[in-house]
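All chains, full assembly: derive it from the sequences and hints.
Chain by chain, the residues run as shown.
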Amino acid sequence: MRARIVSRTVPGTQFLDPAVLTRIGNLELVARSVVEGFIAGAHGSPFLGLSLDFAAHRQYLPGDDIRKIDWKVYGRTDRHYIKEYEAETNANVFFAVDASRSMDYGSRGITKLDYARYLTACLAYLSASQRDRVGAAIFDEKLLEYIPPSVRHRRLILAALDRVRAETAGDLTRPLTQVAESLTRKGIVVLVSDLYTEPKTVLNSVGALRSKGQDVIVFQILDPAEVDFPFEAARSFEDLETGERLPVTPDVMREEYLSLVEGHVGEISKMMIDRAIDHELVVTSTPLDAVLFRYLSHRSRRLKGKDR
Amino acid sequence: MSFLTPWFLAGLGLLSIPIIIHLTHRQRSRVTVFPSLMFLRKLPFKTMNRRRIRHPLLFALRSLAVILLALAFSRPFFDSVAAVEAGSARDVVILLDVSASLGYEGRWEAALDSARAVLDGLGEGDRVAVATFDERARERVPLTLDLVAARDALADLSTTDLGTRLEAGIQLAGRILAESEDRRREVALVSDFQRTGWEDGGRVRLPDGVSLRAASVAPEEAANVALAEAAVRAADDGRVRLVARLANMGDAPVDGLPVSLEIAWRTVGTIPVDMPPRGTGTAVFDDLALPEGRSRGRLTVPGDGLAIDNEFRFMAAPEVGLRTLILENNRRASDGSLFLERALGIGDAPRIETSRTPAAGLDAATLTSADFAILNDADLADAGRAGRLREWVSGGGGLLIVLGRDASMNRWSDAGLELLGAGPGSLVDAADGRRLSWLDYDHAVFELFSGPRSGDFSGARFERFWSLEPAEGTAVVARFDSGEPALLDRAVGEGRVLVWTSTLDRFWNDLALQPVFLPFVHRLALHATGYREPERWIEAGGVLELTALVGAGGAGPAGLAGDEAEWVLVDPDGDRQPVEVGEGPTWIEFPRAGFYQVALRDDAGRATTVAVNPPMTESDLASVATERVVEAVAGVAPTAAGTAGEDGAAADEETVPRRAELWWVLLLLAGLVLGVESVLANRWTRQRPVSGLAGA
Numbered sequence: 000m001r002a003r004i005v006s007r008t009v010p011g012t013q014f015l016d017p018a019v020l021t022r023i024g025n026l027e028l029v030a031r032s033v034v035e036g037f038i039a040g041a042h043g044s045p046f047l048g049l050s051l052d053f054a055a056h057r058q059y060l061p062g063d064d065i066r067k068i069d070w071k072v073y074g075r076t077d078r079h080y081i082k083e084y085e086a087e088t089n090a091n092v093f094f095a096v097d098a099s100r101s102m103d104y105g106s107r108g109i110t111k112l113d114y115a116r117y118l119t120a121c122l123a124y125l126s127a128s129q130r131d132r133v134g135a136a137i138f139d140e141k142l143l144e145y146i147p148p149s150v151r152h153r154r155l156i157l158a159a160l161d162r163v164r165a166e167t168a169g170d171l172t173r174p175l176t177q178v179a180e181s182l183t184r185k186g187i188v189v190l191v192s193d194l195y196t197e198p199k200t201v202l203n204s205v206g207a208l209r210s211k212g213q214d215v216i217v218f219q220i221l222d223p224a225e226v227d228f229p230f231e232a233a234r235s236f237e238d239l240e241t242g243e244r245l246p247v248t249p250d251v252m253r254e255e256y257l258s259l260v261e262g263h264v265g266e267i268s269k270m271m272i273d274r275a276i277d278h279e280l281v282v283t284s285t286p287l288d289a290v291l292f293r294y295l296s297h298r299s300r301r302l303k304g305k306d307r
Numbered sequence: 000m001s002f003l004t005p006w007f008l009a010g011l012g013l014l015s016i017p018i019i020i021h022l023t024h025r026q027r028s029r030v031t032v033f034p035s036l037m038f039l040r041k042l043p044f045k046t047m048n049r050r051r052i053r054h055p056l057l058f059a060l061r062s063l064a065v066i067l068l069a070l071a072f073s074r075p076f077f078d079s080v081a082a083v084e085a086g087s088a089r090d091v092v093i094l095l096d097v098s099a100s101l102g103y104e105g106r107w108e109a110a111l112d113s114a115r116a117v118l119d120g121l122g123e124g125d126r127v128a129v130a131t132f133d134e135r136a137r138e139r140v141p142l143t144l145d146l147v148a149a150r151d152a153l154a155d156l157s158t159t160d161l162g163t164r165l166e167a168g169i170q171l172a173g174r175i176l177a178e179s180e181d182r183r184r185e186v187a188l189v190s191d192f193q194r195t196g197w198e199d200g201g202r203v204r205l206p207d208g209v210s211l212r213a214a215s216v217a218p219e220e221a222a223n224v225a226l227a228e229a230a231v232r233a234a235d236d237g238r239v240r241l242v243a244r245l246a247n248m249g250d251a252p253v254d255g256l257p258v259s260l261e262i263a264w265r266t267v268g269t270i271p272v273d274m275p276p277r278g279t280g281t282a283v284f285d286d287l288a289l290p291e292g293r294s295r296g297r298l299t300v301p302g303d304g305l306a307i308d309n310e311f312r313f314m315a316a317p318e319v320g321l322r323t324l325i326l327e328n329n330r331r332a333s334d335g336s337l338f339l340e341r342a343l344g345i346g347d348a349p350r351i352e353t354s355r356t357p358a359a360g361l362d363a364a365t366l367t368s369a370d371f372a373i374l375n376d377a378d379l380a381d382a383g384r385a386g387r388l389r390e391w392v393s394g395g396g397g398l399l400i401v402l403g404r405d406a407s408m409n410r411w412s413d414a415g416l417e418l419l420g421a422g423p424g425s426l427v428d429a430a431d432g433r434r435l436s437w438l439d440y441d442h443a444v445f446e447l448f449s450g451p452r453s454g455d456f457s458g459a460r461f462e463r464f465w466s467l468e469p470a471e472g473t474a475v476v477a478r479f480d481s482g483e484p485a486l487l488d489r490a491v492g493e494g495r496v497l498v499w500t501s502t503l504d505r506f507w508n509d510l511a512l513q514p515v516f517l518p519f520v521h522r523l524a525l526h527a528t529g530y531r532e533p534e535r536w537i538e539a540g541g542v543l544e545l546t547a548l549v550g551a552g553g554a555g556p557a558g559l560a561g562d563e564a565e566w567v568l569v570d571p572d573g574d575r576q577p578v579e580v581g582e583g584p585t586w587i588e589f590p591r592a593g594f595y596q597v598a599l600r601d602d603a604g605r606a607t608t609v610a611v612n613p614p615m616t617e618s619d620l621a622s623v624a625t626e627r628v629v630e631a632v633a634g635v636a637p638t639a640a641g642t643a644g645e646d647g648a649a650a651d652e653e654t655v656p657r658r659a660e661l662w663w664v665l666l667l668l669a670g671l672v673l674g675v676e677s678v679l680a681n682r683w684t685r686q687r688p689v690s691g692l693a694g695a
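Those protein sequences? They're chains A and B, same order as listed. No gaps in the numbering here: position 266 of the first sequence is 265 in numbering that gives the first Met the number 0, and each next residue is one more. No gaps in the numbering here: position 177 of the second sequence is 176 in numbering that gives the first Met the number 0, and each next residue is one more.
Any given hint might turn out to be false.
[As the list claims (entries may be wrong)] Below, computed lysine-lysine pairings styled on DSS-like, alpha-carbon distance capped at 25 Å:
1. B:41 with A:199
2. B:41 with A:269
3. A:185 with A:211
4. A:67 with A:82
What the hints contain is simulated information worked out from the structure, not anything from laboratory work. This one's a predicted model, so the numbers in the text were calculated from it and none came from an experiment.
Take a look at the structure:
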C-alpha cells in the first residue's frame, strides 16, 4: 500500500503554501495569517459542536452557521444575530515536536522542521484562539524545551519553536515517556515527527501517551524527496544524523526504496489505527490548511465523543 | 614489431582508471545529504550493484579503444630493418658535404671528424659507403666491409670550389642503399646545411626503411666578407672605371676593409670599404688605363674565415662600345635624329657612341668605322649607296632603316628595295591614329618587354607610316592595329637589317615620348649588331663552348674542328689536358676557381683566358635547421635537435628512422571501436538506465 498524502485543500486557501510561508520571518505572524485565512476562507465555521454557556449576541457574519441565528432577536429587530456561548471547559492541547537532525532536511525550499514549526504554531494559535490550554515539548534524543499547558503559553510555544535548531539524532521513546509522565490532565497530544525509527518503537513511544488517556494525533512529516526518491545518477547518500555515507544507484533502487517507505508508513498507520490513534502522513509540499482541517475534524470528533 | 615512443605504452595503465573510478571515486564525488539511510541500508544489493560490470561488451570496447590509442601513440612499426635483431649488420652511407663553404675555418676538420666517428661506431658485419656532394654527388667508396678503405678515402678528400646541392647527395645515398636487403640501412649526413643549398629541399626522399643521421658542422655565427663582382665601365679618353662590389655576410659591421686591385699582375690600387652588417659595399677604381686586349684582373681582400671568396678574378678589356652612325637626309637640316641620338647616348652597358653624317655622302670608309648604322628618314634611290650598305651589312654590320616623310619610296632603287626586304610601300595617313597591336615578344627586340609591367607600347599613337609588303625571308615582328607591319627584321649575310616603317621622332608618332622609347632603341641597336657583353668571368662548375671562347680571345673561329687543331686546357695549377673537339659544339667545364687557359697546343698566340670564381651562394653561410632537412628527407620529425658548436665542431647527431609505421591504422581502429561503442551505449542506455560508470 502506498502512503496517501493529505491534500484536501480548502478552496480559497491556496496562499498557505509552505514555501511561501518561509518568507515570513515572524512565526506568530505566520500562524495568524494561516489560521485567520483558513477560517475566513472556510464555508462553514470551524468551531463546531462546542458545549458552551450563552455569553452574548453578535452580528451574523458570512460563514456562521445559520442554525446559530437567534430567530427571536431577528423577529424583534429584523437583523441577524448569533448567540455566543462561553466554553464550559477548555481542552488541554499539547504539542510534541521532533527536532532531531533528520528533520532538518528540505528538498524544495522548506525543511521538515520548518514545516513542523509552522504546523505547530498554527495549531497552537488555533487552539489558543478557542481558549484551549496549550503546551509543547520539543525534543530530539532528549527534551529540549518543555512548556506546560496553559491558556497563556501560546507565545512561549511560538518562541520555543522559533529558537530550536536540529542538531543531534533523535529518539522518540525517552522524550515521549517524559511527556506522558508530565501530563496530569487528559487532553490532546499532537506529535509532529518524521518517525525515522522502527514502527514498534513508534508504537511503544506513542503508546505511553495513549495509556495515560491522552488523545494522540500523529503528523508524520516527510519531504517529497523522501516519498518520491527522484534521484537518478549514482551517488553517495549521507545520513544527516550519523554522517554515514552509502553509495547508491537511485535509478535502479528507486522501486525497492519506495516499497520500503510505503511498507514503513503503512505499518505505522495500521498499528495506530489499532490503538485508536489518528495518523496522518504529511508531505511538506502540502498546504497547511489541509492539515488544520484534519486537526479540527479530529478535535471536533473528540469533543463530540466526550459530550456523548 | 618495435616502438618509436614506447613510453606511451604506459598509457595502458589508463585501463585501470575507469574501474577505480567505478568502484571508488565516482560515488564519493557526488554526495547527497539525506535525512536517514534507514531504508537505503536495508537494500541488500547496493554494493553488489556498484561492483558489477553491467555491460561487459561496452567495457571491452572501451578498453580496446584505450589499448589501441596507447599503441598508436607508441608508434609501432614493422619493416625489414626492424626484423633484423638489434645490433645486427648495417649498411651505412657516409654522405659528406665537400662544397666550397666547408672551407670555412674548422668546418672541414669537424666534418671529417664526424665522418670518422661514424666509422668508429660500425661493428662487425657492418658495411659502409662513402659519398660526397657539392653541386653533384659522387660515390667515392661503394658499400664495403673494408672500413680501412673508407677511412683512406676520407683522408684523400678535400673541399671543392663548387656550390651545394643537398638533394643530389640525398638521391645518391638513396640509390646506394636501394639495393641493400635484410640489413639496417642508414645515411650519415655530414654538412654545414647551407640554406642556399636547400632551395630545392623537400623534393627528395630517402627510400622507406632508411634512417637518416644528420650531423651539422655549421657554426652559430660565421663572419664572412665576399667579393661579389667586378664591373668595367668605359670612361672618357679610352679609360675605364672599375666598380668592385662586396658583400658582408656577417652580423658585425666592417670598417675600412682594404680592397686591392691587380691588373695584368700589377697592383693598381687599394681602397678602404665600409659595410653595415649583412650589407654591401663598393670600391670604385676610377680612371684606369687598361692594356690592349684582355688582361687578367684580380680583386683581393684580407683573409677571413672563408678564404675562397676573398679573391675575385676577371678578364679586363678596354671598353669600345658600339659605334653608331646616323645617316640623315641631306636635303634639309632637321632635328629628326635628336631623340635617337639622345636615347642612344644614355647608358653604359654597352656605351653607344653616335655620330651623324649625310646619307648622300656615305662612303665605304665611313661605314667601316661603325658597328651600327641608322638610315634615318633618307632614301636609297642611289644604287651605289645601297650597294655599299649591303656590302657592309653582309660583313657583319647592323642597319636600321627608319622610314619617314623624306623616305620617298617611289624613288628607291632596286638595290635599295632588296636591302629593305620589301616592295615599295605606300604612305598611310591615319588621321584617327594607329596603335601597335601586335608585338612578337619572343623576338630579341621585344623579349625585354614580355613580362608584366615591363613596358607599354600601346600608348604610342601613329598618324602616318609606310605600308610595306615584306619580301620572302623578312620577318614581321610588330604590326599596327590595321595589320600593316611596323618593324621588319631580316638577316643579310653576317649582318642584319631592321626596318621601322614610321619615324623615330615626333613628326609621325609620339613613340619618342613614351617610356619604352629608350630601351626600345637600345634593343634595336643591340639586336642589329648582335652585341653580346663579353664574358669577364664565370662561376666554378660553369661550362663554355669552345667556339665562343676562342672568338672572345680574338683568335677567330677558323680551324677549330680541323685535323690539325689540337686544343688544350690549362687549369689554374698549370696542368694541361687535351680538349676533344668533335663534330658538334665542344663544351669545356671549369670546375675550380682561378684562371684557365684554352690554347692551341702548337700556337701559344691562339689562346684565351677564362676567369673562374666560386659561386656567390657559397659565401652565404646561413644554415637551414637540420630538423627541417631531416623531416623533409626522412618524412618524419626528428627525435632530437642538432646544433652546431661555436667552434664549428661536429654538432649533436640525430637519428630519424623512416619505417612503415602503423600508428594511423591503430588510430583508425580506435575511432572505429569508439564509434561502435557509442552506438551500442546509446541504444542500451535508452532502453534501460545504466548504473555505475562507463559500462563498468
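A quick look at each hint next to the structure:
1. B:41 with A:199: holds, 17 Å
2. B:41 with A:269: The given pair, whose Cα atoms are some 21 Å apart, holds under the 25 Å limit.
3. A:185 with A:211: holds, 8 Å
4. A:67 with A:82: holds, 6 Å
Taken one by one, the earlier hints all hold for this structure without exception.
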